[in-house]
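K.L.:
Just so we're aligned, residue 1083 is where the sequence shown starts under this note's numbering, counting upward by one.
Watch out, some of these pointers could steer you wrong.
[As the list claims (entries may be wrong)] With beta-carbon atoms standing in for the labels, derived distance ranges:
(1) Thr1377 x Ile1340: 43 to 49 Å
(2) Met1089 x Ala1481: 32 to 38 Å
(3) Ile1094 x Ile1255: 42 to 48 Å
(4) Ile1122 x Lys1484: 50 to 56 Å
(5) Met1089 x Tyr1273: 18 to 24 Å
(6) Tyr1273 x Pro1473: 53 to 59 Å
(7) Glu1093 x Thr1156: 35 to 41 Å
(8) Thr1156 x Gln1380: 22 to 28 Å
(9) Pro1436 x Arg1105: 37 to 43 Å
(10) Ser1198 x Ile1122: 52 to 58 Å
(11) Glu1093 x Ala1199: 18 to 24 Å
(12) Glu1136 x Leu1196: 52 to 58 Å
[As the list claims (entries may be wrong)] Straight-line alpha carbon distances no greater than 27 Å define the calculated BS3-like cross-link-like pairs of lysine-lysine that follow:
(13) Lys1423 x Lys1234
(14) Lys1166 x Lys1484
(15) Lys1470 x Lys1303
(16) Lys1294 x Lys1166
(17) Lys1423 x Lys1335
(18) Lys1303 x Lys1154
(19) Lys1465 x Lys1484
(20) Lys1459 x Lys1470
(21) Lys1446 x Lys1154
(22) Lys1234 x Lys1465
(23) Lys1335 x Lys1446
(24) Lys1303 x Lys1446
Derived by calculation from the structure, the hints in this document are not laboratory data. Backbone N, C-alpha and C define an ideal beta-carbon position, used for all residues, glycine too.
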Amino acid sequence: VGFSVFMIVFEIALGIMLIIGARPKFTSWAFFLLVGFFTILTGFTYLTGYVPTEATFFEFSKWVPFQETNMKVTDCGCFGDFIKLQPRTSFFKDIVLLFPAFFFLWKPGKMHQLFSAFARGVIVVLGVVGLTLYCMSNYVWDLPHTDFRPFKEGVDVAERKALESEALDNVEILFYRMTNKTTGEVVELPYEQYLQEFKQYPKEEWTLEQIKTEPAIPQTKISDFEIQDIDGNDVTDDILLQEGYHFLIVAHKIPDEIELQTQTVYDTTFIVDTVMLTELDSIVYVKRVGDVSSTEVQVEKYLFPDYYTRRYSEVVNPVMEAAQAAGIPVLAVTSIADPAKIDDFRHATQSAYPFHLADDILLKTIIRSNPGIVLWKDGTVVKKWHYKQLPSFEQIEAAYLK
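Build out the structure end to end from the sequences listed, making use of the hints.
P.N.:
Written out as structure tokens, the structure reads:
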């Protein structure tokens, strides 16, 4: 996260310096190196669309016509979720930016300048400080100022997931693209023709790709919204279709350390005696303790940092306990799949609500806080809070539980 903030501040500050003409030589070199680096990066990403899965990037003889599915990265992160650029678009954007980069590098004195040198310096310093504080406020102290992610407040996740699933089921296969594993030959056949000739293209010799129509509704991370309970049972529908208000505590990561502790395990040996009962003329078996031995074994115990457990015991749990007392369901979801770790964490934080499991990337997409608190109603996201901005239950009840 720290590196991401640095790059954001650096790029915007560099843009300010270009606009006002601050420190022309430094700005020219910084602009050139930045654009040059991203040109190589986006160019590599775009060109991987020509590289089949069974070949490496530098096996040029095996390259095939461009296929978007060959790319490991399908969109550029230049503007985050605000504007998603395809690698090709981003690559050509960087190519265009190389022209002014070379020009400023060649003649930095031609860069126009606004204000005095002192004023330009003050603007840059204030800009860097202001941008740094703003970026930190968007993840250290609070949630991002504007949420461009699919799980933003007001979204009916249950409805959107159903629509995306239906749209994906309704896509049609247009044609099949086969690539010969030996020669690199590419053959494209319409769907109906492929069904008649598929035996001519055995999978041992050809890689197969289905080319389908685009879903009528674009797919988002909501399609990946899947949650399991601690036993691995799918509880996604139970959460999305739950009526009324409920809280979801999102923890994409639970930091921990493993400590080996010594425990004494006792092993008891029993002896069985026979006793003759003369009055009944029968034998009964009597078991008595013969020996008790002890063995010391090393067991793993999860320990959690105080700074993290306090987020629950002092901030989150008091609010959730009040919510549960008012009859509002509460559950937590994390990416940790170890039941022993979850059990230790629940005891360490005295968390009286169940923990479920989900993918960590999905959880980061839902909310940028660890933990983050999400208020739902009938499958819709009502409100999200960073744990440092979580109000009391009374305030939540007055503002949102209507």
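K.L.:
What's the verdict on Lys1423 and Lys1234, does the C-alpha distance respect the 27 Å limit or exceed it?
P.N.:
violated, 30 Å
K.L.:
Is 43 to 49 Å respected by the C-beta to C-beta distance linking Thr1377 and Ile1340?
P.N.:
Hint violated: Cβ distance 21 Å, outside 43 to 49 Å.
K.L.:
Just tell me: holds or violated, for the beta carbon distance of Glu1093 and Thr1156 against 35 to 41 Å?
P.N.:
Given range 35 to 41 Å: violated, Cβ gap about 22 Å.
K.L.:
Straight-line Cα separation of Lys1234 and Lys1465 no greater than 27 Å?
P.N.:
Between Lys1234 and Lys1465 the Cα gap is close to 8 Å, so the pair holds against 27 Å.
K.L.:
Are Thr1156 and Gln1380 spaced within 22 to 28 Å by their CB atoms?
P.N.:
violated, 47 Å
K.L.:
Has the given pair, Lys1459 with Lys1470, been kept, meaning a C-alpha gap of at most 27 Å?
P.N.:
Between Lys1459 and Lys1470 the Cα gap is close to 23 Å, so the pair holds against 27 Å.
K.L.:
Is it true that Ser1198 and Ile1122 lie within 52 to 58 Å of each other by Cβ?
P.N.:
Violated - the Cβ-Cβ distance for Ser1198 and Ile1122, about 37 Å, lies outside 52 to 58 Å.
K.L.:
Determine whether the Cβ-Cβ distance between Ile1094 and Ile1255 falls within the hinted range of 42 to 48 Å.
P.N.:
Holds, at about 45 Å.
K.L.:
Please check whether Pro1436 and Arg1105 have a Cβ separation lying inside 37 to 43 Å.
P.N.:
This hint is violated: roughly 57 Å between Cβ atoms.
K.L.:
Could you tell me whether the CB distance from Met1089 to Ala1481 stays inside 32 to 38 Å?
P.N.:
Distance hint for Met1089, Ala1481 holds at roughly 36 Å.
K.L.:
Taken at face value, is the distance from the CA of Lys1154 to the CA of Lys1303 at most 27 Å?
P.N.:
Since the Cα atoms of Lys1303 and Lys1154 sit roughly 17 Å apart, the hinted pair holds (cutoff 27 Å).
K.L.:
Return holds or violated for the Cβ distance of Glu1136 and Leu1196 against the range 52 to 58 Å.
P.N.:
holds, 55 Å
Consistency note: the structure conflicts with the earlier hints numbered 1, 5, 7, 8, 9, 10, 13 and 14.
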